[in-house]
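Protein chains in written order, with this note's numbering: chain A, 759 to 1069; chain B, 252 to 388; chain C, 13 to 506.
Just so you know, these hints were derived from the structure itself, not from any lab. Glycine included, C-beta positions come from ideal geometry on N, C-alpha and C. Take these hints with a grain of salt, some might be off.
[Claimed, not checked] Covered by chain C, according to a simulated footprint, are these stretches of chain B (three or more residues, beta-carbon under 8 Å):
hint	stretch
1	283 to 292
2	301 to 315
3	339 to 346
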Amino acid sequence: MVLIAIAAIRLRDLFAVVILFGVYSLMTAVLFMDLDAVDVAFTEAAVGAGVTTVLMLSTLHLTGRWERRPRHSPMLSLLVVTVTGAALIYGTLDAPRLGDPEAPVHQHVAPRYLEQGPTEVGMPNLVTAVLASYRGYDTFGETVVIFTAGVAVLLLLGIREGPQTKAGRSAIGDQIVLRVVVKALLPLILLYGLYVQFHGDFGAGGGFQAGVIFATGFVLYDLVFGEGDARLVVPPRWLHRLAALGVLLYGGVGLWSLFDGKAFLDYSALAHDPVHGQHLGVLLVELGVGITVFSIVLAIFFALSGRGRRA
Amino acid sequence: MSNLPGLYNYWIAVCLMMAGFYIVISHGNLVKKLVGLALFQTSVFIFYISLGKVADGDAPIVTPGVTLYSNPLPHVLILTAIVVGVATTAVGLALVVRIYEAYGSVEEDEIQVLDGADDDANEGTTSLEETPEADRQ
Amino acid sequence: MSLLDHFPVLVVLLPLMAAPLCVLIDRPRLAWALSLAVSWLSLAVAASLLFQVLGSGPISYRLGGWPPPWGIEYRIDLLSAYVLLIVSAIAAVVMVFAYHSVAAEIAADRIARFYAALLLVLAGLLGIVATGDAFNVFVFLEISSLASYAVISMGRDRRALHAAFQYLVMGTIGATFILIGIGFLYMMTGTLNMQDLADRLPAVSDTRTVRVGFAFLTVGIGLKLALFPLHLWLPNAYAYAPSAVTAFLAATATKVAVYVLLRFLLEIFGADFSLRAMPLDLILILLGLAGALSASLVAVFQEDIKRMLAYSSVAQIGYMVLGIGLASPTGISAAMLHLFNHALMKGALFLALGAVAYRIGSVALRDLAGLGRRMPWSMAAIVLGGLSLIGVPPTAGFVSKWYLVLGSLEQGLWPVALLILLGSLLAVVYIWKLVETAYFKEPQTAPVAVREAPLSMLIPVWILVAANLYFGLHTEISVGVARQSTVQLLGVAG
């Protein structure tokens, strides 16, 4: 991985740099698996290696592939980086060793999640339990961050109304094999997305990952079959409204409990049995996350790729 | 990798962070800056996830027969941070596209030259001010 | 729980939920009306929170019903209530102003989304102030930052794009540093709740890990704060952003960063650790002074008034940091006072400047010639705001400068006091340049008919100008609250 990072510094072919970044993300995801973080690995693979890379490539398509040789001498930056890095290494000297079960991180706060989580929130995937319930407000914030990014990109690039190019003219040309494969894969991808969406409380996954997978399905379709078709199914001018609805769904669940006399996002207000309420709440907010993420990722992709085809 | 003793994992993460940080502050190409930023952030995620690891622990999904789990909290934090990271990258890329359309370049120093020209055009006088774009680089 | 108990979260939720609504309805006028209503409601809620806190002490709100440190806690004490009030008040005033200004500067089909982004900035800033959880700070910081990159880039000049990009890179580095810092603290304590952190840190404060975490947090916040010498992103971002955005951000964003600095330094780490065990007090005094003087000096040579005032903002941040560095109750309360007063004066100045830009389409110094007679009310507001910036009695700016000088004399640092006065002299120079052009120079070109700005702009401007005068004469409210919150902060820490 260090090698990849160094290669990324040296190379001036931005296309290669972006692909290297994708590989790097994938390796990070593998590392996360090894460190027991399956949910994070899943997300990193989908986001870092998938979404980020695709978006960066779309941008490169517009702005050109080659970087010019830097003119400044890199000494000052090198100095800043060395000092910062040395400070970080210095800081880790007193840190608990990797995997030490006695570390404060494992002694405080976390034990309750591990011990009471399954009974209090009632779902085996503790990451989902912490994510959507104990720290559900952070996740609400995260949904808003994605929504903000969507608003920002649409402010910058505008929304393109309707299909502008003829359907059937695709970005990578006509390739029959690819078309057949994608047609066969698409239902599977969407099905898998649904599975991930509603299965997040048992296994790895959840609204965020599902949203990304769903969007990926459409991006793929768009790449292979031309933009017209994909845009007929989900018109760009409705995507950001869909995203807004997702955020409102999440917030609405919170407000429901608020008006029921409980704290904001206290899901136990949703049903008579608190654990049942938790379950329902988590399901609903994950749906909100999924909808928002799906529509924003797709909207951003449309906005970036739309620019390119007009130019 | 996780079986290696001690602080090794943190140090790798630090090296990667600094590689990303270096790209951000030393390179003039705006797209490359964003790649560096993403690299920087991803490496911080590795650092966090390393925190949550318990030796011989298992993924924090309750399974019968497993008693030792890794800490789920860092995982949750990093899920959020990944999302923040991709959101930042997306906004940055959109800005790059607009910059390219407005300036015809994505190289920092070329843009600065054009900015300087704009300043002079606006003020009609050779200004006394130092160029504020002189960045930290 | 009654509705009153939900106020800590409602103050943030109102703008947060209104933002998607704005996108959903996508009608410029409706979006504006909604933003206006929501920001005034937030203001009312914040005011009521301040009275609650003054009456019965800090309020804790458990999000999701989980007790801290397992769940996320909202914690409103005097300092946060005070900053919530400032931020929401400025937002409420700016929203009134925005109607004409935004309609003139932003393309019609993007206005609804623009207001949504503005509300997200507001919600993010309020969220940072209200929360009692360190990681939640990071999340809301990113909400407000991402939205502010977008609104800054909406300026008409293409340089706005470049400025927004630079801000994005710097801001993200800052946020990532903060993330690293929080990670180090979490590593040593196992908690993210601020109160819990404050309880558990002293036991491990002597480790290298905590010290490095502290350093990264300080540098990260410093970047967001535009602390000298990390301020280079700020002047361009403020200079090219749309008028309403500049006024709003200049009066709130850096103030919230100062708040975060205060919160981390004094409450979480404790004054003993951050200002005495670490040599930060000296560093803050030096950087504060260097920032105040150098930025004031640069401001003198600016031909673009928006950029001149942006440099002056960097200088004012220097004064606040200097106050914190003095590490005495007087110094710290002077910093808080200046935070409050600076929001008022920069709000007034940038809004008045926005009114000028609305009528003459420029903020270059030479285009202002003779404007004193043609836009008397706007220019008078700029003059009064400028007096407050210099620190002339009886304006609000005088009060905070006074306490700052008092604080440095208390510590026997009379050179510092002298340098503060020197900074004020520089402010006299650049404000005078402005006054001279507006009142004593004839316009170079044949005068076109320029009318005074519409009332919907003048009223917000003059509300802020009046506040400048009011808080200059009636110091008991602002000074009282600042002093009390200092005691609370140092009390908790000590």
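What hints, given by number in increasing order, does this structure fail?
2
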